[in-house]
Amino acid sequence: MLKPSLPLSSLLFLQLPLLGVGLNSTVLKPSGNEDTTADSFSTSETLESLNISTLPLPEVQCFVFNGEYMNCTWNSSSEPQPTNLTLQYGYKNSDNYKVQECGHYKFSKEITSGCWLPKSEIRLYETFVVRLQDPREPRRQMEQKLKLQNLVIPWAPENLTLRNLSESQLELSWKNRYALDHCLQHLVQYRSDWDSNWTEQQVDHKQSFSLPSVDGQKLYTFRVRSRFNPLCGSAQHWSKWSHPVYWGSNISKENPWLFITKAVLIPVGSMGLIISLFFVYCWLERTMPRIPTLKNLEDLITEYHGNFSAWSGVSKGLAESLQPDYNERLCHVSEVPPKGEAPGRGLGTSLVSPTGFLHVTP
Amino acid sequence: MRPSPGNMERIVICLMVIFLGTMAHKSSSQGQDRFMIRMSQLIDIVDQLKNYVNELDPAFLPAPDDVKEHCERSAFSCFQKAQLKLAKTGGNEKIISVLIKQLKRKLPPSNTEKKQKHKQTCQSCNAYEKKPPREFLERMKSLLQKMIHQHLS
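So the protein lines, in turn, are chains A and B.
Numbering follows my numbering, in which position 61 of the first sequence is assigned residue number 61; successive positions increment by one, without gaps.
Numbering follows my numbering, in which position 2 of the second sequence is assigned residue number 364; successive positions increment by one, without gaps.
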C-alpha cells in the first residue's frame, strides 16, 4: 500500500522548495538585492526605493565659455528632497571611457547644482560623457553624451572702432578674445536716431563691416555679437552684445515729429488763423452799420439832402425793419370819482394800452 | 668683358634657386588659403546635403567618430569613399549628384600634415561604426570642423 502513496509524498516534498523559492522571489524581485537582510524589507520600503530609483534626474546643461572653462549645471530644485547629486565626466575614446568625479562643484542653497571644469579638462572634438548620480541611490543615474564644439559661447566682441573710408562710407571693426578669429561668425546691428528698429547684417570670418552710405545729420549706434559657427563648431548660442559705439551728429537728436510740428504745422496754422480773422472782419463790416461821425454831419445836408439812412450807411431794408410795425389800440380808462365829488376832477382820464402802459391826458 | 662658362653656370644656378624659393613660398601660402577655401566649401556642401537626407539611400555607412590624433585625413577619406547615393527620384537628382561628387574631390594639403613627421597607424574604414545618412553627414561635418580648428591653431 506504500507504493501508491510514494508519488503523493514526493509531490508534497517538491512543493516545499517551490514555496520557498516563491517567497524568496517576492522579496528579491523589487530590489534585486541578494543580501540576507532583504528578507526583512517591508513592502512599503521596497515600494519607496522603487519610486526613488525610477524618478528621473534633471538634465545637465554644459557650456564652454570662450574655450577658457566649462560650466555644467542642472536644476537642483526639481528634486522632491534636497539632494547633493554627484557628477562624473569623461571622454569617449574608441568604445570605452574613464569617468572621474567633478573636482569643483557649484552650489545653490547649499545643494550641488553644477560643476566647473578648467581649460585643461576641455577637449572640444572628443565626445564628452557626463553622468549625474544620486549618491543615496546609486542605480539612479543619468548619462549624456555631448559634442562640446557645439556648446562654445565666446565672450562679447570688444574695442569697436569706427572710421571713415570716404565721405559717406563708414567701416566698423572689432576684436574678439577667442584666439581663432576664423572660427567665429558675427552679427552687426545698427540704427540711426530716426529709426525705431535695428538693421542687422551677418559677417562671416572677418572682424569688420562697411556701411556704404551714412547721413552726417544722423546719430548712428552700432553693436556686435559673435558665435562659434560654422567652421569650427555648430553652436547655436550667441555671445552677449558688445558695448554700443556711436557715430554722427548730436543735432538731429530732435524727434522728427516735433520738427514737422515746428516747421510746418505752426506756420500753416497761424496763416489759417489770420485768414479766418480777415474773413470774419469782412463779414462784420458788411453786416454791422457804421456809427456816423459828427465830422461828416454837414454831408447829410449837402450831399444826401437830409436822407439819413443813405448818409449813415444803414441800408433801406435795415431802416425799414427798424420801423415799428406794431399798432396799439388804446383803451379808455376812467376813474370812478368818490361820493360828493363831481366827475372830471382829480387826475383826469387815463388811457391804458393792452401792454400796460399808462397814458395820462390832463 | 665676357663671363667665363664657370661663372655663367653659377649665375644660372643662383637664379634658379631664387626662382624656386619664390615659387615654393608662393605655393605654400596659396596652399593654406586653398585648404581653408576647400574646407569651407565642404562644410557648405554637407549642410546642403542635410536638406536632402530623406532622398538618400538609407543604407548604413562607415561614419568615423572620436578619431585618433593624426588620423583625421585617413578618417575623412573613409567618408569620401562611402557609397552615399540617391534613393528615389524626387526631382533633385541632379543637384544631389553634383553635391556628392563635390564631396569626393581631393583635399589640398594643410600645414598640420607638413608638421607631422611620422605616419600614424589608423583604423581601416570598415572598423568604424556604421550609421544612417543623417548621422553620417553630422559626423562628417564634425570631423571637418576638427580639421579646420587644427589647421587654424
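Please note: incorrect hints may appear among the correct ones.
Claimed, not checked - So these bits of chain B aren't anywhere near chain A, every CB distance computed over 12 Å:
{"#": "1", "residue": "Val374"}
{"#": "2", "residue": "Thr384"}
{"#": "3", "residue": "Met398"}
{"#": "4", "residue": "Met401"}
{"#": "5", "residue": "Ile405"}
{"#": "6", "residue": "Asp409"}
{"#": "7", "residue": "Val415"}
{"#": "8", "residue": "Pro420"}
{"#": "9", "residue": "Asp428"}
{"#": "10", "residue": "Val429"}
{"#": "11", "residue": "Lys430"}
{"#": "12", "residue": "Gln442"}
{"#": "13", "residue": "Gln445"}
{"#": "14", "residue": "Gly452"}
{"#": "15", "residue": "Pro470"}
{"#": "16", "residue": "Lys503"}
Claimed, not checked - Not everything, but these chain A residues come out facing chain B in the computed CB check (under 7 Å):
{"#": "17", "residue": "Lys92"}
{"#": "18", "residue": "Asn96"}
{"#": "19", "residue": "Glu121"}
{"#": "20", "residue": "Tyr125"}
{"#": "21", "residue": "Val129"}
{"#": "22", "residue": "Gln149"}
{"#": "23", "residue": "Ile153"}
{"#": "24", "residue": "Ala156"}
{"#": "25", "residue": "Pro230"}
{"#": "26", "residue": "Cys232"}
{"#": "27", "residue": "Gln236"}
Calculated directly from the structure, the hints in this document are not laboratory data.
All figures in this text were calculated on a predicted structure; none of them were measured in a lab.
The C-beta atom is built at its ideal place from N, Cα and C for all residues, glycine as well.
Outside-interface status for Asp409/B - nearest CB in chain A farther than 12 Å: Label violated. Min Cβ-Cβ 7 Å, cutoff 12 Å.
Have a go at the Lys92/A hint: is there a Cβ in chain B nearer than 7 Å to its own Cβ? OK, holds: Lys92/A within 7 Å of chain B, min 5 Å.
Minimum Cβ separation between Met398/B and chain A greater than 12 Å? violated (7 Å)
Using the nearest Cβ pair, does Val129/A come within less than 7 Å of chain B? violated (11 Å)
Let's test the interface hint: is any C-beta of chain B closer than 7 Å to that of Pro230/A? Cβ of Pro230/A sits 6 Å from chain B, so the hint holds.
Quick check on the hint: Gln236/A CB to chain B CB, less than 7 Å? Result: violated, 14 Å to nearest chain B Cβ.
Is the shortest C-beta separation between Ile153/A and chain B less than 7 Å? violated (16 Å)
Is it the case that Ile405/B keeps its Cβ farther than 12 Å from each residue Cβ in chain A? Not fine: 6 Å to the nearest Cβ puts Ile405/B too close to chain A.
Chain A versus Val429/B - minimum CB to CB distance exceeding 12 Å, so not interface: At roughly 8 Å from the nearest Cβ of chain A, Val429/B sits no farther out than 12 Å, so the non-interface label is violated.
Far enough from chain A: is every CB of that chain over 12 Å from the CB of Val374/B? Check passes; 42 Å lies beyond 12 Å.
Identify whether the interface hint at Cys232/A stands, where standing means a beta carbon of chain B within less than 7 Å of its own. holds (5 Å)
Report holds if the minimum CB distance from Pro470/B to chain A is greater than 12 Å, and violated otherwise. holds (16 Å)
The structure fails to meet hints 3, 4, 5, 6, 9, 10, 11, 16, 18, 19, 21, 23, 24 and 27 from the earlier list, while all remaining hints are met.
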